[in-house]
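S.K.: Next come the chains, spelled out residue by residue.
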Amino acid sequence: ETGVTQSPTHLIKTRGQQVTLRCSSQSGHNTVSWYQQALGQGPQFIFQYYREEENGRGNFPPRFSGLQFPNYSSELNVNALELDDSALYLCASSLEVAGGSGTDTQYFGPGTRLTVL
Amino acid sequence: AQSVTQLGSHVSVSEGALVLLRCNYSSSVPPYLFWYVQYPNQGLQLLLKYTTGATLVKGINGFEAEFKKSETSFHLTKPSAHMSDAAEYFCAVSGAGSYQLTFGKGTKLSVIP
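Chains as they are written, first to last, in this note's numbering: chain E, 1 to 117; chain G, 118 to 230.
Hints listed in this document are in silico derivations from the structure and should not be mistaken for laboratory results. Keep in mind that this is a model prediction, so the values were computed, not measured. Fair warning: there could be bad hints in the mix.
[As the list claims (entries may be wrong)] According to the in silico footprint, chain G covers these stretches of chain E (three or more CB under 8 Å from chain G):
| hint | stretch |
| --- | --- |
| 1 | 43–49 |
| 2 | 53–66 |
[Claimed, not checked] Partner residues aside, some chain G positions facing chain E, computed with beta carbon under 7 Å:
| hint | residue |
| --- | --- |
| 3 | Pro157 |
| 4 | Gly160 |
| 5 | Leu161 |
| 6 | Tyr167 |
| 7 | Met200 |
| 8 | Phe207 |
| 9 | Gln217 |
| 10 | Phe220 |
| 11 | Gly221 |
| 12 | Lys222 |
| 13 | Ser227 |
Backbone N, C-alpha and C define an ideal beta-carbon position, used for all residues, glycine too.
Kindly produce the complete structure, drawing on both the sequences and the hints.
M.R.: Okay, structure coming up:
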């Protein structure tokens, strides 16, 4: 069984640029969630995709957007990067029924460390 | 709305001593509670979770946690700390119909030889 993988591992961008982060879900999982973990903080929920549609969103601006593909891999796109976007971005996959029950375990990838200069 | 408070950003214990990491939650719906561990430069690994049923939950690596509704707590314990337990621990809450995990700020556990 293959776990959740993310690419790239590290990324350095400058303010105003755009970035795309990628995630490959665990085999058999149909749902992916993205979290932002700033230094010294717990992860914060960005959004979740279930069967290729956004299933919920946290308190993040529209310049954070995502996609989920038929093979359940996913992308997180961030436009107009700001210094405060520097963080570890975590992807988590799970097997949800009918949009999620809240009890399903989310399995996390190792994350992408984004630095914005 | 849901929130999690983890008391103590840094806890140090001696090898072989009891580990106690505290977590209090606030939830407007019956909560589902999770503990995750994060080793340096790695993602989060699930230690244990409470959804319904028995309030004492056993997890991996000898950890357990007890859901106490009256105290709105879900503290994590381990009878005897090992050096390999040194990591950061996060408590998280979700609820029925809520797909979103809300995390605490984490507690860094150091184990002293």
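S.K.: Now look at each hint and say whether the structure bears it out.
M.R.: Comparing the hints with the structure gives:
1. 43–49: Held - the stretch 43–49 of chain E has 4 residues with a Cβ nearer than 8 Å to chain G, which meets the minimum of three.
2. 53–66: Held - the stretch 53–66 of chain E has 3 residues with a Cβ nearer than 8 Å to chain G, which meets the minimum of three.
3. Pro157: 11 Å, violated
4. Gly160: 4 Å, holds
5. Leu161: 4 Å, holds
6. Tyr167: Hint violated; Tyr167 of chain G Cβ to chain E Cβ min 10 Å, cut 7 Å.
7. Met200: At about 22 Å, which exceeds the 7 Å cut-off, the nearest Cβ of chain E leaves the hint on Met200 of chain G violated.
8. Phe207: Where the cut-off is 7 Å and the nearest Cβ of chain E is about 5 Å from Phe207 of chain G, the hint holds.
9. Gln217: Result: holds, 5 Å to nearest chain E Cβ.
10. Phe220: 3 Å, holds
11. Gly221: Cβ of Gly221 of chain G sits 5 Å from chain E, so the hint holds.
12. Lys222: 5 Å, holds
13. Ser227: 16 Å, violated
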